[in-house]
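K.L.:
Using my numbering, the first residue of the sequence shown is number 1, and each one after it goes up by one.
To be clear, the hints were calculated from the coordinates, so they are not data collected in a lab. Warning: the hint list may mix true and false statements.
[Unchecked claim] Per label pair, the in silico range of CB-to-CB distance:
no.: 1; residue 1: E183; residue 2: A80; range: 43 to 53 Å
no.: 2; residue 1: V106; residue 2: S185; range: 24 to 34 Å
no.: 3; residue 1: H38; residue 2: T209; range: 44 to 54 Å
no.: 4; residue 1: L116; residue 2: S203; range: 43 to 53 Å
[Said to hold, decoys possible] Straight-line C-alpha distance at most 27 Å; calculated DSS-like pairs for lysine-lysine:
no.: 5; residue 1: K145; residue 2: K101
no.: 6; residue 1: K18; residue 2: K68
no.: 7; residue 1: K199; residue 2: K145
no.: 8; residue 1: K199; residue 2: K101
no.: 9; residue 1: K198; residue 2: K68
Note that the coordinates shown come from a computational prediction; the quantities given were computed from them, not determined experimentally. Glycine included, each C-beta is placed from N, C-alpha and C at the ideal position.
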Amino acid sequence: MRLLLVEDTTELARWLQKALTQAGFVVDWVADGLAADHLLQSEHYELVVLDLSLPRLDGLEVLARLRKRGQSLPVMLLTARGDLQDRVRGLNQGADDYLSKPFDLVELEARIRALLRRSHGQQSQTQVLGELVLFEQGYFHLQDKPLALTPRESSVLTTLMQRRGRPVSRQQLYEQTFTLADEASLESIELYVHRVRKKLAGSNVAIVTLRGLGYSLECQPCG
1 MRLLLVEDTT ELARWLQKAL TQAGFVVDWV ADGLAADHLL QSEHYELVVL DLSLPRLDGL
61 EVLARLRKRG QSLPVMLLTA RGDLQDRVRG LNQGADDYLS KPFDLVELEA RIRALLRRSH
121 GQQSQTQVLG ELVLFEQGYF HLQDKPLALT PRESSVLTTL MQRRGRPVSR QQLYEQTFTL
181 ADEASLESIE LYVHRVRKKL AGSNVAIVTL RGLGYSLECQ PCG
């Protein structure tokens, strides 16, 4: 598997190139966005590990040009921990995942392999609503931090996220959250909605109750 690493911090880039090569990848490294853009037009890569802060051409512009050309290879963003808006913009422009510096090499390798497994003939399923991100691997981040959810809470939030901005009835949430073997009433779904609401508190994403229709996940406001 041939990867392109785009990182302008020489020490970090050399460390990553060596580690990923030892993990079995063929890794080309460039230190600026313009060089990366040229290589992406002339060479074939399975995946790009892309820093956002780059000389000559920033990472978001590299990503934008890549997607404008119709290239669908997976893109893993590397970002500074505080750059929430850039991460959201990157995901909206077609990035598949991101890691904040500093990060664990084991996690980077695991995420790269997950993206590669999903890349052949599949479109990225990463979804963004305000400060909430649902990755195609099934986990959530809220305000740039992992959001801890129980399996049923995750099911409720995933169902609402996939239909964000549209009403979802209690019956629909119930069917996605419980199985026939579960001894739970329809009203029990309100408990899980309440729990998820509490975990979203303080962000710009909220579960809104729509009388007679159910619930809707909305961003208030969403820029």
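K.L.:
For K199 and K145, compute the direct alpha-carbon distance and say whether it is at most 27 Å.
P.N.:
holds (12 Å)
K.L.:
Taking 27 Å as the top limit, are the C-alpha atoms of K199 and K101 close enough?
P.N.:
holds (25 Å)
K.L.:
That 43 to 53 Å hint for E183 and A80 (C-beta), does it hold up?
P.N.:
Holds - the Cβ-Cβ distance for E183 and A80, about 48 Å, lies within 43 to 53 Å.
K.L.:
Does K68 sit within 27 Å of K198, going by the straight-line distance between their CA atoms?
P.N.:
violated (39 Å)
K.L.:
Between the alpha carbons of K145 and K101, is the straight-line distance 27 Å or under?
P.N.:
holds (13 Å)
K.L.:
Taking the CB of V106 and the CB of S185, does the distance hold inside 24 to 34 Å?
P.N.:
violated (43 Å)
K.L.:
Lying within 44 to 54 Å: is that true of the beta-carbon distance H38 to T209?
P.N.:
holds (52 Å)
K.L.:
When you take the CB atoms of L116 and S203, is the distance between them in 43 to 53 Å?
P.N.:
Between L116 and S203, where Cβ atoms are some 31 Å apart, the hint is violated.
K.L.:
If you draw a straight line from the CA of K18 to the CA of K68, is it 27 Å or shorter?
P.N.:
Not OK: K18 and K68 at ~31 Å, beyond 27 Å, violated.
In terms of the numbered hints stated before, the structure departs from hints 2, 4, 6 and 9, listed from lowest to highest.
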